[in-house]
Amino acid sequence: MASTNLNPRGRQVWSLAALFLGAAIFLFPFYYMVIGSLQEEPDTSIKGAFPAQGLTLHNYADINSRVNLARSLVNSGIFTIGVLLTTVVFGVLAGYALARLHFRGRGTLFAVMLLVQIVPFQLLIIPIYVLIVRSYGLADSYLGMILPFAINSAAVFIFRQFFLQLPDDLFAAAALDGASELRILWSVALPLVRPAMLTVILITFIGPWNEFLWPFLVTKDQSLQPLAVTLANYISNIAARATNPAGAALAGAVVLAAPAVALFIVFQKRFTGSELSSGVKG
Amino acid sequence: MSRTAEKALGRQPLGIVFAAPYAVFLAAVFAYPLGLAVWMSFHDYFFAAPGAQVDRPFVGFDNYASVLKDPAVRRSFLNVAEFLIINVPLTVVLSLVLATALNSVARFRTFLRIAYYVPYVTASVALVSVWLFLFSKSGMVNQILGPLAPNPSWLVNSVLAMPVIALFVTWKQLGFSILLYLAALQNVPKDLYESAAVDGATRVKAFWNVTVPGVRSATTLVVILATITGANLFTEPYLLTNGGGPDGASASPVFVMYQKGIEQGSPDTAAAIGVMLVILVLILALVSRKTLERD
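Taken in sequence, the protein lines are chains H and X. For the first sequence, the working numbering begins at 1 and goes up steadily by one. For the second sequence, the working numbering begins at 283 and goes up steadily by one.
If we strip away everything but chain H, and leave its shape as in the complex, we get:
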């Protein structure tokens, strides 16, 4: 914190300097991930972090030959797109109902939705595993992977919050014209929901794409494992046999990180407190 006698500009300079220092510390591991993935031999010296030459894509070929990178990416894609589809379709319906429709059980549903945010699914992993793998026999299937994530509660929350903010007059006018609830949702509410949709896609995407524990438990078949699981298995089992184990792991890490980071940079404007905090605190 700057002292009082500095003028506001002086304070800004100090704040900026501190923020840039923090940003450099925050971003360094990302930079190092990319550099490490391009080095032929691991070089952990300080100079090694700023190589002038000798960069190669060899590690990417190496990780691709040790694990089935393309297959893992496809699996991550199916898992993520499946969750996105079910979350968007059923989330819009539930969010709209919770925001604008008076029906029996609305209060209860809302209360359970709040509780779900506090008791996350990791704590229920054993009974969920028992149900999905043992009772329903959905081990090694995309359905089993998607099921526990199918409707993201934070997304339902964001949709609800968004529908609450729409002016009442809009709905009253449509109702006066004799439009049915279904018609109001389809032609009045949905066309306006686009901004909330982008926020929902962003926060829902990073769930399944980054998830490790659940797909790790539910898939034993390597041809079904998403990239996070494949890479984790590589790190804990196979890495010892590669010529540049760290380099190959870092190349895999870059491939895993890139889609989420790219999506976030493109949509970062939708990733703000006013959009999201309503989603977690209600």
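One or more hints might be untrue.
What the hints assert, rightly or not - Residues of chain H placed beyond 12 Å of chain X at every Cβ, according to the derived structure:
id	residue
1	Ile81
2	Leu164
3	Val193
4	Glu211
What the hints assert, rightly or not - With a cut-off of at most 30 Å between alpha-carbon atoms, the simulated DSS-like pairs for lysine-lysine come out as follows:
id	chain 1	residue 1	chain 2	residue 2
5	X	Lys472	X	Lys572
6	X	Lys472	H	Lys47
7	X	Lys472	H	Lys269
Hints in this document: simulated from the structure, not taken from any laboratory. Just so we're clear, the structure is a prediction, and the values are computed from it rather than from any experiment. Built from N, CA and C at the ideal position, the CB exists for glycine as well.
Since the structure of chain H is provided, determine the placement of chain X on it from the hints.
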């Protein structure tokens, strides 16, 4: 619509149809598993061949007793306590200070926001590979420290393994807390700062007397979310310290749950750990709400 139907179903019963898929989902992957976890924890539950009829006798608090006596379980709960003692204050202080700074600058905001949020959106598994590289025995951190490098090295040192995990998670999650504080700062009335300046308060005083109380509800939320993150810890001890090592020094309760429930085939004791965690998280959430929002 008749009066009785309206009374039974609500004014717009179509809402029931719209909300039904989500309600069924919550029942199937939240309410029912929660009930099953409690049931399993009071019975002698084991994995049987599919379709086989097996007897699963009621055992009262036996599973809880054996869990509470188990040194590995106790250790994992102490590890999470250590994690929270490091992670919670660090998260609250750093994110509030950084959010206040971000709020005061006019330029480079997009770049700075991206820099602070990007670990939050990136997979733990990807970030763990860089930290393994940075904190390995011959990694860059030890190269910089030279003779000051800890021996045994960070991730295989029973004193340092948990703090490194806490630091990793603080870094990864900090962006979300900054985001919550940035939203809360917009709601602190500007004239409070002006009257503090008129009273001759320094910047530090104004921060302490205006900003900190002004964002109190965000602080509650940040503390609760950090507690939940701590209770969920799995990927980091599994990968960063090679299975909660050294010797269980960084094992988390969810990791022990995985070992007992799935690797060793005692889902009943694992379910008991899960039920205890749920209760602890709810208690901690209530306590932090009560203490932070006293007035």
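Against the structure, the hints come out as follows:
no.	hint	verdict
1	Ile81	holds (17 Å)
2	Leu164	holds (14 Å)
3	Val193	holds (14 Å)
4	Glu211	violated (8 Å)
5	X/Lys472 <-> X/Lys572	holds (27 Å)
6	X/Lys472 <-> H/Lys47	violated (47 Å)
7	X/Lys472 <-> H/Lys269	holds (24 Å)
In this structure, the earlier hints numbered 4, 6 are contradicted, and the remaining ones agree with it.
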